Amino acid sequence: MATTAQSAASLAAKQNHETVIEIQDVHKYYELGETRVHALRGVSVSIARAEFVAIMGSSGSGKSTFMNILGCLDKPSAGRYLLEGVEVSKLTKKELATIRNHKIGFVFQGFNLLSRTTALENVELPTLYARINKSEGEKRSREALALVGLADRMEHFPSQLSGGQQQRVAIARALVNRPSILLADEPTGNLDSRTSVEIMDIFQKLNDEGLTIVLVTHEPDIANFAKRSIQFRDGKIRRDEAVQNRPRAAEVIKTLPTLED
Amino acid sequence: MDLLAIIRIAMRALSRNKMRSILTMLGIIIGVGAVIAMLGVGQGARQTMQEQIQAMGSNMLFVGAGTVTRSGMHMGWGSTKSLVYDDMLAILRECPAAHAAAPGSSSNGQVVFGNDNWATRLNGTEPQYFDIRNWPFQEGSGFTQDDVIMAANVAAIGETVRKNLFGATDPIGQTLRINNLPFRVTGVLAPKGTSAAMSDDQDDIILIPLTTLQKKVTGQPWLRWIMVSAISREASYAAQKQITLLLRDRHHIRPGADDDFFVRNLADMADVADEAGRVMTLLLASIASVSLIVGGIGIMNIMLVSVTERTREIGLRMAIGATEANVQQQFLIEAVVLSLMGGTIGILFGLGASYVITQTLGWPVLVSPIVIVIAVLFSMAVGVFFGFYPARKAAQLDPIEALRYE
Ligand SMILES: Nc1ncnc2c1ncn2[C@@H]1O[C@H](COP(=O)(O)OP(=O)(O)OP(=O)(O)O)[C@@H](O)[C@H]1O
Ligand SMILES: [Mg+2]
Numbered sequence: 001m002a003t004t005a006q007s008a009a010s011l012a013a014k015q016n017h018e019t020v021i022e023i024q025d026v027h028k029y030y031e032l033g034e035t036r037v038h039a040l041r042g043v044s045v046s047i048a049r050a051e052f053v054a055i056m057g058s059s060g061s062g063k064s065t066f067m068n069i070l071g072c073l074d075k076p077s078a079g080r081y082l083l084e085g086v087e088v089s090k091l092t093k094k095e096l097a098t099i100r101n102h103k104i105g106f107v108f109q110g111f112n113l114l115s116r117t118t119a120l121e122n123v124e125l126p127t128l129y130a131r132i133n134k135s136e137g138e139k140r141s142r143e144a145l146a147l148v149g150l151a152d153r154m155e156h157f158p159s160q161l162s163g164g165q166q167q168r169v170a171i172a173r174a175l176v177n178r179p180s181i182l183l184a185d186e187p188t189g190n191l192d193s194r195t196s197v198e199i200m201d202i203f204q205k206l207n208d209e210g211l212t213i214v215l216v217t218h219e220p221d222i223a224n225f226a227k228r229s230i231q232f233r234d235g236k237i238r239r240d241e242a243v244q245n246r247p248r249a250a251e252v253i254k255t256l257p258t259l260e261d
Numbered sequence: 001m002d003l004l005a006i007i008r009i010a011m012r013a014l015s016r017n018k019m020r021s022i023l024t025m026l027g028i029i030i031g032v033g034a035v036i037a038m039l040g041v042g043q044g045a046r047q048t049m050q051e052q053i054q055a056m057g058s059n060m061l062f063v064g065a066g067t068v069t070r071s072g073m074h075m076g077w078g079s080t081k082s083l084v085y086d087d088m089l090a091i092l093r094e095c096p097a098a099h100a101a102a103p104g105s106s107s108n109g110q111v112v113f114g115n116d117n118w119a120t121r122l123n124g125t126e127p128q129y130f131d132i133r134n135w136p137f138q139e140g141s142g143f144t145q146d147d148v149i150m151a152a153n154v155a156a157i158g159e160t161v162r163k164n165l166f167g168a169t170d171p172i173g174q175t176l177r178i179n180n181l182p183f184r185v186t187g188v189l190a191p192k193g194t195s196a197a198m199s200d201d202q203d204d205i206i207l208i209p210l211t212t213l214q215k216k217v218t219g220q221p222w223l224r225w226i227m228v229s230a231i232s233r234e235a236s237y238a239a240q241k242q243i244t245l246l247l248r249d250r251h252h253i254r255p256g257a258d259d260d261f262f263v264r265n266l267a268d269m270a271d272v273a274d275e276a277g278r279v280m281t282l283l284l285a286s287i288a289s290v291s292l293i294v295g296g297i298g299i300m301n302i303m304l305v306s307v308t309e310r311t312r313e314i315g316l317r318m319a320i321g322a323t324e325a326n327v328q329q330q331f332l333i334e335a336v337v338l339s340l341m342g343g344t345i346g347i348l349f350g351l352g353a354s355y356v357i358t359q360t361l362g363w364p365v366l367v368s369p370i371v372i373v374i375a376v377l378f379s380m381a382v383g384v385f386f387g388f389y390p391a392r393k394a395a396q397l398d399p400i401e402a403l404r405y406e
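Keeping their order, the protein sequence lines are chains A and S. Heads up: the first sequence at position 241 corresponds to 241 in our numbering, and the numbers run straight through without jumps. Heads up: the second sequence at position 292 corresponds to 292 in our numbering, and the numbers run straight through without jumps.
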């Protein structure tokens with residue numbers, strides 16, 4: 001049962017105090033016929049509640065693979081993953097689905113919005129699988145869309161939205177069930193610098209309220225808004241350090257020229 | 001996640017592909033429609049048969065020459081030279097449960113009136129036949145016992161014969177030629193309509209005195225049948241037993257040997273006719289239900305296409321928290337909604353078809369409410385059965401694989 005998993009999880013979280021994500025020597029291989037792609041080669045990391053981690057690294061270094069494991073979408077080939085003290089590999093598919101629904105908000109690298117479905121309906125999707133009634137789900141979805149600045153685009157279809165707007169719909173969808181962990185795979189990849197900073201402002205505010213955030217980015221400027229930065233290379237962690245002189249996105253916005261200029 | 005939400009998701013998915021959904025439903029519409037119409041025709045036929053048998057008189061028995069197999073088929077019916085006029089007299093004399101009896105024999109008649117020509121059934125009998133069969137005249141009257149004694153050339157004709165030979169002419173008193181013999185028409189029988197039980201036109205008949213038929217047409221003394229009326233409806237079983245015993249004795253049939261005649265009472269005939277009607281109904285319905293299965297396969301096909309097409313959608317739904325059960329229910333409900341909507345339209349379609357059949361064939365078509373309930377349940381079952389495999393397939397997708405699917 002999902003509820004037992006959750007209560008066990010919260011119990012473990014209390015014992016373990018702050019640690020939310022505990023990754024121990026995780027490997028991930030992809031078997032492709034004769035060859036074997038070694039996407040993660042022994043990654044160990046632990047992330048505490050209300051941390052804000054930026055994952056950097058060159059293309060193909062295993063960032064998305066790592067995020068998919070964190071998001072309980074994929075399982076490690078070897079090693080352990082403890083989410084709030086619970087060994088994820090021991091959970092049933094149903095328990096994993098519940099965790100993905102309640103606990104984790106995931107922003108996919110390729111947005112993954114449903115076409116022919118409005119922005120609002122896309123954001124509502126996770127609420128359909130949660131124990132939230134229809135009107136409450138709709139209310140939360142509108143709030144989430146307003147939060148990412150899309151209040152006037154609710155009834156638009158993805159094909160009628162720009163890449164950046166689609167990405168913001170994806171962020172709103174990840175936030176709608178009020179998760180305690182937000183995993184974002186390049187959430188600002190398609191955005192201009194001003195909008196990127198605006199998104200980081202949202203993330204920083206959510207983080208201030210206690211949301212644990214792990215985000216993948218290629219841009220050092222964006223990574224600087226996080227509290228901690230982890231560098232991947234060839235499936236391994238090369239560097240893991242606290243961010244010095246972390247700017248506040250809200251301050252940075254003021255210094256940026258507006259788009260209209 | 002509640003059922004209503006899943007239904008909402010399913011409806012949304014179906015309405016995104018309206019044309020495809022309608023075409024998919026078409027299979028079920030035709031299937032259910034055909035089953036409803038066929039069951040309706042079958043039911044209507046059974047009902048009509050029962051009414052016609054009742055109209056024959058509820059205490060009538062039919063004694064026929066020939067043998068009957070266990071399945072109820074008449075072997076050598078009519079060709080057996082076993083039944084004679086004295087058998088009838090003996091029945092009246094010795095069977096207390098028998099009230100009246102009419103002897104009869106048949107031949108084919110080639111009838112000519114003026115320039116018109118008609119082939120019909122020629123029956124020879126005695127006047128009491130009309131009472132026993134409860135068959136009134138619409139015009140004129142039947143022949144008399146005197147006509148029988150004198151082997152007179154008189155004829156009572158059925159409505160079909162009248163229509164085809166006389167048209168607007170009043171047939172009473174006219175002379176027509178049957179197998180080249182002149183006969184005077186004494187009366188026209190009231191129409192009885194096409195018998196579903198006998199599956200032929202009962203009004204396509206000419207009745208003449210038995211003696212006339214035997215002496216002038218067939219030249220044979222044998223009877224083909226005897227119609228007996230029992231003293232009451234309840235007595236018809238007793239009459240059947242008494243007649244059987246009497247005729248076995250008269251025909252010197254040894255114990256264990258087969259009868260060379262058969263006795264049917266009306267209850268039997270009703271049963272036989274009903275059984276025939278039931279078989280026919282089942283046959284029609286099972287032929288029609290083949291199209292229902294084809295419709296179900298159509299649903300399965302479209303659902304499989306849909307699952308493949310929407311692999312990424314399924315992956316996404318799972319990634320944001322849909323359980324296997326949620327996904328399975330969604331696709332199952334899509335299939336059931338398709339089949340149920342198809343079934344509902346199919347019922348209307350079937351009722352419409354039944355109405356058209358009633359109008360064109362003049363045959364009552366009965367669609368009972370139970371049939372409609374069964375049709376609804378059945379189309380739902382088709383949806384569940386044929387939707388199950390595609391839904392299962394969808395639910396077993398791996399979220400990350402599905403998300404990567406191109
Ligand atoms: N399903 C898969 N099958 C085979 N190999 C895979 C699969 N997914 C990822 N890989 C491989 O694993 C390695 C890591 O991929 P990953 O997607 O994690 O990279 P990334 O760091 O997210 O790159 P990018 O910045 O381009 O998104 C790559 O070499 C990739 O080819
Ligand atoms: Mg990636």
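Don't read these hints as lab results, they were simulated from the structure. Source: prediction; values computed, not measured. Where hints are given, some of them may not hold.
Computed cross-link-like contacts, DSBU-like style, restricted to lysine-lysine with a CA-CA straight-line distance of at most 35 Å [to be verified]: (1) 75(A) <-> 236(A); (2) 75(A) <-> 393(S); (3) 93(A) <-> 236(A); (4) 393(S) <-> 90(A).
Now the in silico label distances, taken between C-beta atoms and shown as ranges [claimed, not checked]: (5) 139(A) <-> 381(S): 38 to 46 Å; (6) 210(A) <-> 8(S): 38 to 46 Å; (7) 404(S) <-> 240(A): 23 to 31 Å.
Backbone N, C-alpha and C define an ideal beta-carbon position, used for all residues, glycine too.
Here is what the structure says about each hint:
1. 75(A) <-> 236(A): 17 Å, holds
2. 75(A) <-> 393(S): Since the Cα atoms of residue 75(A) and residue 393(S) sit roughly 21 Å apart, the hinted pair holds (cutoff 35 Å).
3. 93(A) <-> 236(A): 28 Å, holds
4. 393(S) <-> 90(A): 24 Å, holds
5. 139(A) <-> 381(S): 38 to 46 Å: Given a distance of about 39 Å, which is inside 38 to 46 Å, the answer is holds.
6. 210(A) <-> 8(S): 38 to 46 Å: Since residue 210(A) and residue 8(S) have Cβ atoms about 33 Å apart, the given range 38 to 46 Å is violated.
7. 404(S) <-> 240(A): 23 to 31 Å: 28 Å, holds
Violated hint for the displayed structure: number 6, the only one.
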